[in-house]
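Please model the entire structure based on the sequences and the hints provided.
Chains as they are written, first to last, in our numbering: chain A, 1 to 255; chain B, 1 to 255.
Check before you lean on any hint, since a few could be wrong.
One copy or two, it doesn't matter: identical chains are merged, so the pair holds either way.
To be verified - Distance condition first, Cα-Cα at most 27 Å in a straight line; then the derived DSSO-like pairs of lysine-lysine:
(1) K45 <-> K24
(2) K252 <-> K101
(3) K242 <-> K28
(4) K68 <-> K242
(5) K45 <-> K25
(6) K170 <-> K60
(7) K101 <-> K212
(8) K101 <-> K242
(9) K105 <-> K220
(10) K185 <-> K45
(11) K101 <-> K75
(12) K252 <-> K185
(13) K185 <-> K44
(14) K68 <-> K44
(15) K60 <-> K242
(16) K102 <-> K242
(17) K185 <-> K68
(18) K220 <-> K75
(19) K170 <-> K101
(20) K28 <-> K75
Note that these hints are calculated values from the structure, not bench results. None of these values were measured; they are calculated from a predicted model.
Protein chains: 2
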Amino acid sequence: MLTFVGLGLWDERDVSFKGYEAVKKADKVYVEFYTSILMGTSIKKLSSFFGKEIKLLERKDLEEESWKIVEEALKLNVVILTPGDPMVATTHSALKLEAEKKGVKTSIIHGASIVSAVCGLTGLHNYRFGKSATVSHPYKGKVSITPIEIIERNWSIDAHTLLYLDLHPKPMSINEALEILLKIKDIKDSFAVGIARAGSSNPIVKCNRIGKLLHENFGKPLHILVVLAKTLHFMEFECLRKFANAPDELEKLVN
Amino acid sequence: MLTFVGLGLWDERDVSFKGYEAVKKADKVYVEFYTSILMGTSIKKLSSFFGKEIKLLERKDLEEESWKIVEEALKLNVVILTPGDPMVATTHSALKLEAEKKGVKTSIIHGASIVSAVCGLTGLHNYRFGKSATVSHPYKGKVSITPIEIIERNWSIDAHTLLYLDLHPKPMSINEALEILLKIKDIKDSFAVGIARAGSSNPIVKCNRIGKLLHENFGKPLHILVVLAKTLHFMEFECLRKFANAPDELEKLVN
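See the structure below:
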């Protein structure tokens with residue numbers, strides 16, 4: 001049996017009662033911080049919270065050597081703790097599929113995800129988000145154009161774009177992400193919202209033109225970014241004014 | 001102080017430790033089942049779980065008469081429990097905005113949402129979802145064409161569409177929703193995935209052409225629907241085969 005338990009957004013107390021009980025019943029408990037990171041906790045704190053030994057899975061344990069976990073789950077009751085909601089990361093669905101193919105029963109205990117949390121923090125309407133993308137650190141000096149392609153496709157259907165920021169080798173800041181986007185295309189006059197430390201007791205949410213957001217200080221990670229659609233619902237505008245200190249001129253996007 | 005606490009997807013044990021602690025500290029606790037419903041619990045069960053009196057908010061308490069809650073939150077520590085993650089429903093962000101405007105401090109304790117859970121249940125990739133929409137019960141014999149417009153816009157950027165199903169006066173079934181979509185446009189050859197009872201221990205997930213899905217039995221509510229993009233990642237196809245009993249012919253969507 002292989003159970004994926006979502007830890008939610010910030011620290012060990014974001015897990016659900018159901019998730020806690022699954023860990024208590026498990027023969028073996030793993031956690032992975034490869035697909036995302038919980039900034040408010042550590043393996044030590046998690047172990048002490050659950051009263052169990054918890055082993056960290058590295059990237060290779062989840063990918064090339066995932067068969068080891070699957071083998072173990074054929075005999076034991078294995079739990080994998082993941083940041084956010086499991087399966088938003090495609091690494092998890094690949095592992096779930098591999099396990100099921102080998103005859104291992106799998107289940108998911110859902111956790112809070114940035115995918116929905118971003119609506120609460122910004123006031124942006126969930127139904128107005130289009131496809132999402134990841135802004136990656138340059139590789140051998142080259143930057144991926146995918147995020148801009150996705151932003152433009154979303155603009156074509158008047159949708160917002162949620163951009164995940166690369167975590168490896170270290171978590172990317174909103175400022176770094178905006179610089180990368182501007183290298184691909186001059187979108188400095190477009191509006192975006194930067195969100196830092198979602199799920200913590202001191203999240204920061206700021207909305208402005210990209211050219212201005214570039215110079216804001218968002219503090220410690222994790223950061224995430226929303227590039228706004230070309231129009232806003234008036235309630236979205238009102239929320240961004242109040243929750244994200246958006247400038248008055250944002251009002252012209254209201255349709 | 002006004003705190004929104006997400007209850008997650010199914011029953012009282014889907015709440016996080018942080019959410020539980022917020023309820024314990026509250027002077028007044030409300031719950032609303034207007035924007036969604038937790039099928040696995042009841043007010044009685046919630047009250048007994050939290051060891052507190054919990055009062056049900058009706059639609060009018062959240063909308064026309066929301067000022068009453070805001071007034072109360074000026075003096076007391078008020079918690080509103082909501083299904084899923086708060087703020088995915090726009091009703092909540094309107095209330096949060098109103099409270100902040102009146103000088104009430106607000107905060108959100110996030111919960112698991114169908115928005116991310118649908119990825120785990122289907123294996124569909126989160127970043128490939130476009131805008132979402134709601135399929136509403138016909139009003140005076142007329143059906144809203146919005147869901148089809150959104151599906152077509154999403155198809156234009158090769159994105160999946162998550163469709164919420166109307167809850168009032170009673171939760172719509174996948175079959176009813178498909179019939180409504182087919183009245184607007186003949187999309188019976190397109191592929192969709194029906195999901196019933198997400199977050200429970202016996203969710204049902206089935207993928208097929210809409211014309212065939214129409215005759216499947218999904219059992220008890222809540223139901224939700226994903227209309228697939230015109231292409232699939234091969235891992236999405238493999239997951240749908242394994243998790244949603246998709247037909248072999250779905251393979252031709254893999255690009």
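Going through the hints against the structure:
1. K45 <-> K24: both (15 Å within a copy, 23 Å between copies)
2. K252 <-> K101: between (53 Å within a copy, 21 Å between copies)
3. K242 <-> K28: Between copies only: 25 Å across, 46 Å inside.
4. K68 <-> K242: between (50 Å within a copy, 21 Å between copies)
5. K45 <-> K25: Result: close both inside a copy and across copies, 19 Å intra and 24 Å inter.
6. K170 <-> K60: Within one copy, since 18 Å is at most 27 Å while 48 Å is not.
7. K101 <-> K212: The answer is between: 26 Å across copies meets 27 Å, while 50 Å in one copy does not.
8. K101 <-> K242: between (49 Å within a copy, 8 Å between copies)
9. K105 <-> K220: Between copies only: 23 Å across, 39 Å inside.
10. K185 <-> K45: neither (43 Å within a copy, 54 Å between copies)
11. K101 <-> K75: Answer is within: at 15 Å inside a copy they meet the 27 Å cutoff, but 56 Å across does not.
12. K252 <-> K185: within (23 Å within a copy, 35 Å between copies)
13. K185 <-> K44: neither (43 Å within a copy, 56 Å between copies)
14. K68 <-> K44: within (24 Å within a copy, 44 Å between copies)
15. K60 <-> K242: between (44 Å within a copy, 24 Å between copies)
16. K102 <-> K242: This pair counts as between: shortest inter-copy Cα distance 11 Å, intra-copy 51 Å.
17. K185 <-> K68: So K185 and K68 fail the 27 Å test inside a copy (44 Å) and across (48 Å) alike.
18. K220 <-> K75: For K220 and K75, the Cα distance exceeds 27 Å both inside one copy (41 Å) and across copies (33 Å).
19. K170 <-> K101: Neither. Shortest intra-copy (34 Å) and inter-copy (38 Å) distances fail the 27 Å Cα cut-off.
20. K28 <-> K75: Result: close within a single copy only, 11 Å intra versus 47 Å inter.
Against the hints set out earlier in the document, violations occur for numbers 10, 13, 17, 18 and 19.
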